[in-house]
Amino acid sequence: MAFGARILVWGERACFTRPEMKVERVSYDVITPSAARGILEAIHWKPAIRWHIDRIHVLKPIRFESIRRNEVGGKLSPASAAKAMKAGSTAGLATFVDEDRQQRAATVLRDVRYLIEAHFELTSRAGPDDSVGKHLDIFNRRARKGQCFHAPCLGVREFPASFALLEDDAPAPLPDDGVEADKDLGWMLHDIDFSDGMTPRFFRAHMHGGVIEVPPWQAGEVKA
Amino acid sequence: MTAIAHRYEFVYLFDVTNGNPNGDPDAGNLPRLDPETNRGLVTDVALKRKIRNFVALDKEGGPGHAIYMQEKAILNLQHEKAWKALDIPPDTKDGYKKLPKDEAKAREITAWMCTNFFDVRTFGAVMTTGINAGQVRGPVQLGFATSVEPVLPLEISITRMAVTTEKEAEAQSGDNRTMGRKHILPYGLYRAHGFVSAKLAERTGFSDDDLQLLWRALINMFEHDRSAARGEMAARKLIVFEHASAMGDAPAHVLFDTVKVERATLEDDGPARSFADYRVHIDAEALPRGISVREYL
Chain A
1 MAFGARILVW
11 GERACFTRPE
21 MKVERVSYDV
31 ITPSAARGIL
41 EAIHWKPAIR
51 WHIDRIHVLK
61 PIRFESIRRN
71 EVGGKLSPAS
81 AAKAMKAGST
91 AGLATFVDED
101 RQQRAATVLR
111 DVRYLIEAHF
121 ELTSRAGPDD
131 SVGKHLDIFN
141 RRARKGQCFH
151 APCLGVREFP
161 ASFALLEDDA
171 PAPLPDDGVE
181 ADKDLGWMLH
191 DIDFSDGMTP
201 RFFRAHMHGG
211 VIEVPPWQAG
221 EVKA
Chain B
225 MTAIAHRYEF
235 VYLFDVTNGN
245 PNGDPDAGNL
255 PRLDPETNRG
265 LVTDVALKRK
275 IRNFVALDKE
285 GGPGHAIYMQ
295 EKAILNLQHE
305 KAWKALDIPP
315 DTKDGYKKLP
325 KDEAKAREIT
335 AWMCTNFFDV
345 RTFGAVMTTG
355 INAGQVRGPV
365 QLGFATSVEP
375 VLPLEISITR
385 MAVTTEKEAE
395 AQSGDNRTMG
405 RKHILPYGLY
415 RAHGFVSAKL
425 AERTGFSDDD
435 LQLLWRALIN
445 MFEHDRSAAR
455 GEMAARKLIV
465 FEHASAMGDA
475 PAHVLFDTVK
485 VERATLEDDG
495 PARSFADYRV
505 HIDAEALPRG
515 ISVREYL
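As given, the protein sequences belong to chains A and B, one line each in that order.
Those letters in the first sequence? Residues 1 to 224, by the working numbering.
Those letters in the second sequence? Residues 225 to 521, by the working numbering.
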């Protein structure tokens, strides 16, 4: 594990929204590689590096809960913001929540705990003084101390993630009783290809002994 | 405005007496319950709404403190006007759906929104998608508030000595009465956790003044949120952890674990009915180095 990092993340609730059920959100059964990458990036990231998730260990049983909330339906148009800028006043630039209200249910995960194994590679934006070792050291130092750029979350920001570094010599924790060790999780979002106009790419997620092997991003089985 | 230079976490305790802190639309407006533990819940967005309302009251929309997500029942005519007479031509393909392709222009818009709107600067806002600059991730993050102990919702039936329609009056042959229902919790003490990222504050310009305003909002927001449904709600404790550095010096969960809320008397003396039945203790010994803790309330 000289070139990778292992980090434990856990929290009360999580929502890794399935893209096909976005309106009334339904979470995937487990954390997606994309969300795991987001957690790592909340701790340390530079344009010079790119995280790759290798393995996800599911340490707690998969359980769901439903929550319904009032949300707003619309988004701010930059055009109206530009208009207000020109006028130099915020008058009339607002969303009135009671006119734009939607009640949406979310089916979210309860009481989750994962071990994320990941490594990174340097991107084309890496300078001469960027090296894998340097960034890995920074990441490990930060994770050990509990430092982060912003508080990482479990899919959505209202579900904060606690995290702790798993040191190189520590054994991987065993899943709790009640974790269904072997499960076919179906097609799951791997990550979004930002270089190709935000195309989501999927992979077939299988849990073996509580561990999901995440295929590399370039692998043939990852399909857009 | 210079942005804040420290990371913060906070523990916020508030209670409700004979009221409903946050109704559940899925359960006929019963107080929200965690079905597994019977603990009460108050969503993050409910708390954010009250913070916004307090700031709107306190600053009266003064410069830099306008509120973008407003609660108001008047038609926003100016919003429609904004679609006309623009100096940014709409994109030929996407119309107004995407931010201007010109990234500098997009950033300018985002920066202007952050400067003028307190809630955009604090909680962030999604201003269409497409370019990252169009999505502001705010520095302040709140989790769900959970009650310290399981709560018991009561259903209270009430009568009204009037009816709504003439038809009802006729059906009751003049005995004009209707029955209604209220859901209350006799008592519940709730605990919420929050996070303030100094690094994200740099991007939105969330300043020390804004932070002080946030603390004031948390302390006072229930004072301006009285209603028939709420009963008596009060902020009870606001415990703030300040890290020495912007990135932070300790894991958040370690800090939260130092705040313990227990029953004042350890022998079980029935259900809690007031804040005096609880004891809040901060384990100062367990605080990691580089963390200073402050009780604002």
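It is possible that part of the hints are untrue.
[To be verified] Between beta-carbon pairs, the in silico distance windows are:
| hint | chain 1 | residue 1 | chain 2 | residue 2 | range |
| --- | --- | --- | --- | --- | --- |
| 1 | A | A87 | B | E426 | 45 to 53 Å |
| 2 | B | L490 | A | M21 | 43 to 51 Å |
| 3 | B | V485 | A | M21 | 32 to 40 Å |
| 4 | A | K86 | B | S381 | 53 to 61 Å |
| 5 | A | D177 | B | A508 | 35 to 43 Å |
| 6 | B | P410 | A | I192 | 42 to 50 Å |
Since the hints were made in silico from the structure, they are not lab data.
The structure displayed is predicted, hence computed values, not measured ones.
In this text, a Cβ means the ideal position worked out from N, Cα and C, and glycines have one as well.
Each hint, compared with the structure:
Between A/A87 and B/E426 the C-beta distance comes to about 28 Å, which lies outside the given range of 45 to 53 Å. Range check, B/L490 to A/M21: Cβ separation about 46 Å, and the 43 to 51 Å hint holds. Distance hint check: the CB atoms of B/V485 and A/M21 are about 37 Å apart, consistent with the given range 32 to 40 Å. In this structure, A/K86 and B/S381 meet the distance hint of 53 to 61 Å, their C-beta atoms being roughly 56 Å apart.
Checking the proposed 35 to 43 Å range against A/D177 and B/A508 shows it holds: the Cβ atoms sit about 37 Å from each other. Roughly 48 Å separates the CB atoms of B/P410 and A/I192, a value that falls within the hinted 42 to 50 Å.
Going through the hint list in order, the structure does not satisfy hint 1, though it satisfies all others.
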